[in-house]
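Build the complex: two chains, separate frames, hints provided.
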Amino acid sequence: MAEWDVKDLEGWDEKIRVKVQEFGLSCFDQEFEVCDHNQMLGYMAYSGMPSHYPHWSYGKSFEKLKTMYDYGVSGLPYEMVINSDPSIAYLMTDNSFCLQVLTIAHVYGHNDFFKNNFTFKSTQAEYTISRFKVHADRVRSYLEDPSIGVERVERILDAAHGLSLQCRRNLAIKKLTLREQRKRMLEAARPAADPFADLHQQEDTEVPNLNKIPASPEEDLLLFIRDHNRTLSDWERDLLTIVHEAAQYFIPQMETKIMNEGWASYWHREILNSLDLPQDLHLEFLVRHNQVVRPFPKGLNPYYLGLKVWDDIKRRHDDPTPEEIEKYGRPTKTGTQALFEAREVDRDASFLRRFLTEELMREMDMFEYEPRGEDLVISRVSDKEDWRDIKETLIKNVGMGGVPVIKVEDADYNQNRSLYVKHYHEGRDLQLEYAEKAISYLHRLWGHEVVLETVVNNKRALLSYSDDGFSAKPLK
Amino acid sequence: MKPTINAIFRPYSSSDALRSDRSAGDRQRHRQKVREAVRENIADLIAEESIIGKNKDRVIKVPIRGVKEYRFIYGENSSGVGQGDGNSEKGQVIGKTDGTGQGQGEDKAGDQPGVDYYETDVTLEELVEIMFEDLELPDMERKILREVMSDRISKRKGFRKAGIRIRLDKKRTVKSRIKRRLATTGQDGDPTDEEQRFPFRKEDLIYRHLVEDVRPESNAAVLCIMDTSGSMDTLKKYLARSFFFLLYQFVSTKYRNVEIAFIAHHTEGKEVTEEEFFYKGESGGTFISSGYNKALEVIQARYHPSLWNLYAFHCSDGDNFDSDNPAALKAAQELCELCNLFGYGEIKPLGSRYYESSMLNIFRRLEAENFQTVLIERKEDIWPSFKTFMSKERTPIATETPAAAEQ
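Line by line, the protein sequences give chains A and B. So for the first sequence, this note's numbering puts the first residue at 1; every next one is plus one. So for the second sequence, this note's numbering puts the first residue at 1001; every next one is plus one.
Bound-form chain B, shown alone (with noise of 0.2 Å):
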């Protein structure tokens, strides 16, 4: 019998197969999503990582809502269907909520949220990346660090035939002095045979060559400067984290050499670990001079500005003590002379104005163009805070980029 219906097959052909790649377009512009969507949630991820100065190649897992795929779907509380191996019973727990540990073939899977639940996988390093792309500051290029020149080195470039003495290459000299003899006196000459003089001349004699290097310097430090005082809460503190988690990563990415100092504060400034710096808490008043006082003098020994870039940051909730204002004031300008970038940020989280006091104010009167006040009231204060306060970085050739004067 022959069948009525009737069937072709197409062969494979790995010529086809190699050159259709249908879904590339697709996966590109997906990928371009997933970024965008990182750069979307970077207020929340840096405000939820525990970073300073964490290795780079550290992973962190970005949860994704911006290629989520929505529809109306129901919620938790309906229920389904399964089967079972011929013993279940009423109560027994077959699975998660979220998903995990059910069985497959559902047939609702695919519009549960937790299926869609998306996560990718980032390195430090791209999540810097991204977050310095978003911080959309192109002109800050090496153009407007400040390089210091001063790391001043010798170093060899080739031998001459003229030195001073304390160059001498004695080796060569030797060898120089060997050629000469082989080449005179012929193979049958023994070269061990000191009877015979011949003695070293001025054309055998050979110097080290040294040139002098300048290189451009690329120490940086960073100096966070905190209130460790009894008004600043978890809450403050770890907004501050954030912001210095900030800072840190940006200077990280245009030094090759980055150096960062906890300086806390209450009445008196003492340089502490990062561990005392975001955990220990102190009591007692505030004296934000003595923190700056503490600064400076870190500064004085440890990172003479002539060799380091330095970008320092201070982070309170604003209750000083008036008779500190002026002292802090004068300090603070000291700071500004001596620091890249220097920047006070208030924290009040939204609720607790009823510190009427502020250091905003009394900030006013201190003009310097590398100096930054920002008021931080939440988490999404963050990422627009730490652009302002970048966008002051002093510039040394002009203070006009040719960017912005082009618009």
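Extracted from the complex, chain A is given alone in its bound form (with noise of 0.2 Å):
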């Protein structure tokens, strides 16, 4: 502590405010607290929020961290920033001054994308804050109504919890009201338009089961619930969109964790080499910046690969060799409007899908895994044949693609109330252990039977959950 205090960090932080914009990064305004270890810990069991309403989750985490930062383990991350305006950002006392001065300009990093990635227009930043305290402070009034409790606040949020990420990826992408859904419905049975439908014998059309419930396959699987399930309480209700709501406001972390990670460290690397530091502050920033973003041997680093991707794109555009002007052509914008144009409309799994090319891959000596019995074994690795299904694999498992699509079919199937949702299967099974808890889930929430229709090592199956408990069988 004695190394430096809070005038100090003013001080450069004017200096790097200076350049954020000299480089012409937009950010919210921002706010850093310094804290100490303990508080550090707190803030990362709550993923950052100042306020959050209670669960016991949070308090597993908070020992998980605490035991694994205690034994050595891992380390405590040097930065902690979250998405609001004004953005907040944490700094540890226990850091060295030169740490501070990265992670401010890392933090800058961070809340330029934070301000102009398209994913993250959906979560209201400037309600960030406000919603999660009045969120907080609805849950504890339900803890502490005597004709509620503990118990019942945690059967409902144990169970939201556990379903959370089901629900919408891309909220850039509207989502349709039941009227806007029915005339899709209508217009798509509607035949197509026949110039000459006088001479052709009229094609027998099908009325669309207008009343069907979802109208389409619905992903949002609390909100459905929520607005179908009539016997719910009102705070029972609240809970769900209380935890919908948190769910939606991580979803754009999640989407963008590898451009994120890389876009702050590539302006943490620039901002700092810009700087004029003093040698020996110089030379640590250069050990502590090769530890952030070193690769992480047989596993992916996202400060590596997102940083590895951006200082890729930045070359091409300025610095194509002949071969890649031969392959791709000649470019056609700056790196630097290449870079912000990227930041602006990507997500992890687009990025990936533009950005990461073959040579990056081999240089990166990228491979892909499968398990074979007990052991984890390459299955391939970056060479002319395979490169592609490299690819995909890794943007299969990017941001949301780790969390299975499940959306309602039917919400009245076998005309019983039971609830049909479908695992849109896509070569990845279900674990059937969680998967039975998640229906167990569904079904405490939706009060009815609850039946899932998945694959099960290549064979359709379907997964229900009644009150007798759970089953499973063989689908025809």
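Hints should not be assumed to be uniformly reliable.
As the list claims (entries may be wrong) - When the alpha-carbon atoms are kept at most 25 Å apart in a straight line, the in silico DSS-like pairs for lysine-lysine are as follows: (1) A:K66 to A:K257; (2) B:K1202 to B:K1170; (3) A:K15 to B:K1002; (4) B:K1090 to A:K396; (5) A:K422 to A:K396; (6) A:K391 to A:K257; (7) A:K66 to B:K1068; (8) A:K257 to A:K174; (9) B:K1090 to A:K391; (10) A:K384 to B:K1090; (11) A:K437 to B:K1033; (12) B:K1068 to A:K64; (13) B:K1068 to A:K437.
Stated by the list, open to error - Covered, in the sense of this in silico footprint (three residues per stretch, anywhere, with C-beta under 8 Å from a C-beta of chain A), are these stretches of chain B: (14) 1074-1087; (15) 1260-1272.
Since the hints were made in silico from the structure, they are not lab data. We put the beta carbon where it would ideally sit given N, CA and C, even for glycine.
So, in structure tokens, the structure goes:
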């Protein structure tokens, strides 16, 4: 602590902000809070939120983080920054001065990304803090309400937490209202316009069932249950909304992890290199920077991967090799333009799809692994034949790609109010122990039987959960 | 140039840091859930431990299912992408499917079941504590235990001027004479000068005083009786062992000094070691009475009921020779009279019902309030049977506990 005080930080922060502006980043106002490692663990357990509703899972997460920290399994992140307007970041007292300066620059990178990337448009950053606070207050009021209490609140929250990621992924796409969905169903059922209708025999058109619920498969499981299970009380509906909104808030961060970390690392490097740091600070910065963006052997470091791709975008536009010009054509944008465009319009999946090249994959020695018996075995390496497949696998696993797509197909299955949900299988099976529990959560919230259609070992199967418990049967 | 982005710094305040422990409530709730989860899994845990008489500080790893956070996630057949050091080759093994040895920074981490696998350490003592909390028999505390008032010892308690010759405290008596002599002759007198007679007087004499101390006896013996005839296979023994473990642990929490005796029998009973008891198979037919008679012998020889609280339990598959039944019943009757609690557990794993003979019907004729029969068909039955068994302990005061009467 003797090494620096807040005055020093403010001085460097001002220089950094000047650079941020020169580089063309556009940020929310920024708040820095200096905290100790215990407070940091606390913020981490609650995803950085200054105020968050209570639930035992956050206590578990705190204990886990603390144990890992105490035993030195994992250190603490240098920074923690949350997407809000103004943005809030935490700096740890124990960090060296150089780390603080690096962190401040890194934070502005994230801040810019939060403000400008399209996926974050739906998060309403200016209300983040107050929304979480209001949610926390409401949950606390239910906990304290003598007619509700901890047990009943947890019953709903536990189940809702298990299902909260089963929701729409791309929030930039407008969700259709029921009326719009019905209109579309009618349009889809209408025969194609035929200029010779008089000559042709009229085709039979099937009238779509407009009363079907849901009109089209519904991905927001919690909201669907909230709106269609009439037996829920108001406070239960409210809890579902709260959990859903919290999940929606975090989805953009999951969806842009690689881009976001790469972007912040790119800019902290540019900013610190342009700052004329004293030599000792500069050397320490180089060491720290390389620690952050080093590749994890046999793993995947999002900081490293992201930075690599951003660097490559810049170089390919500013200084393409002759082969690249031949292969991709002469670049039409400057490197900086290309960077700023991608930071606005891409998410991890599209970012990797557009910019992760064969050469880059080979340079990073990317491989695909698959389980064989007890072992994870490398099944493909980035050679001529396989690099595309590896890229596909990578794209499938980033962001929300790691969460199975499950949609409500029918809310009155077998005409007895059973909920029919379908797993959109694309090669990956569900983990069945977890699926069984997750279905039981659906059943808990829905109140009637729940049937899940999925594929197990290449065979279609129905897993169902009713008052009598779990059962599974193959589907013809 | 003045930047247009504003920034503020909130400095560190250590007093705030000390005051804010925002996760305290959630942590406590989480611990409660862990404890509940341990309680729920107790039937599995006790059935899986190899235990009897093990050290109380032993740490047991308890896998916790109750506090896992389940979601829909992908299973084991999904592949992933990693990066190497430039030398990656097809077929290279990079880790295990359970997540050990795999590189960090894996994007999917946290969603994988292996990562969320959660274990907590519980000492045997804690476990037993939780177990008996679960038993929910608060009125079984001290009151019901049969306390044997036989442990008579004499204990010293101060000194007296009067007493019997044998308790004379010579050292103190001599000291008090010296004191008196100094007091009367003054400092000048030579204490070693034996020329001058200075006899003991009655007021010099000091006697030790003894009082009689009667302590409630807290010895207990657990008699594990098991049928080791040919029909008792490993599974049955395993179920029996779980039951004996519970019994031993329970008795240990109540008495200071607990001994355990293992009596194996087929057509004749003998006392064996724990090892032999559980692992050594015998063959041949079954005379249950032989085991009981052996138990009676052991009690006669080592555990007299006036000094010991006795808990006996017998596990068998009920496959007794018919001719032995009256003798078994008679011996059981005797055991009931001597023991605080005597139980018979019939172990018939599901699917082995073709042994139609059962001792349960025979023992129905035995009318003793501290006798209990239980039927154990599978692992899950152990805990409930144990609960019913314990509820039968002989109550010297009244059969009805105050709490039960209130309801």
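Hint by hint, here is what the structure shows:
Pair hint K66 (chain A) plus K257 (chain A) holds up; C-alpha atoms about 24 Å apart against a cutoff of 25 Å. Taking the CA atoms of K1202 (chain B) and K1170 (chain B), the gap is near 13 Å; set against the 25 Å cutoff, the hint holds. About 9 Å separates the Cα atoms of K15 (chain A) and K1002 (chain B), which keeps this hinted pair within 25 Å; it holds. The suggested pairing of K1090 (chain B) with K396 (chain A) holds, with an alpha-carbon distance near 21 Å, which does not exceed 25 Å.
The hinted pair formed by K422 (chain A) and K396 (chain A) meets the criterion: a straight-line CA distance of about 19 Å does not exceed 25 Å. Between K391 (chain A) and K257 (chain A), the direct Cα distance comes to roughly 17 Å. Compliance with the 25 Å bound is thereby established for this hinted pair. Of the supplied pair hints, the one linking K66 (chain A) and K1068 (chain B) holds, its CA atoms being roughly 18 Å apart against a limit of 25 Å. Annotation: proposed proximity of K257 (chain A) to K174 (chain A) holds, straight-line Cα distance about 23 Å (limit 25 Å).
For the proposed pair K1090 (chain B) and K391 (chain A), the alpha carbon gap of about 16 Å is at most 25 Å, so the pair holds. Straight-line distance between C-alpha atoms of K384 (chain A) and K1090 (chain B) comes to about 14 Å, which keeps the hinted pair within the 25 Å bound. Between K437 (chain A) and K1033 (chain B) the alpha-carbon distance is near 17 Å, which keeps this suggested pair within the 25 Å criterion. This hinted pair checks out: K1068 (chain B) and K64 (chain A) have alpha carbons roughly 13 Å apart, not beyond 25 Å.
For the hint pairing K1068 (chain B) with K437 (chain A), the CA-to-CA distance comes to about 10 Å; that is within 25 Å, so the pair holds. Counting residues of the region 1074-1087 of chain B whose CB lies closer than 8 Å to any CB of chain A gives 14, which reaches the minimum of 3, so the coverage claim holds. Counting residues of the region 1260-1272 of chain B whose C-beta sits closer than 8 Å to any C-beta of chain A gives 0, which falls short of three, so the coverage hint is violated.
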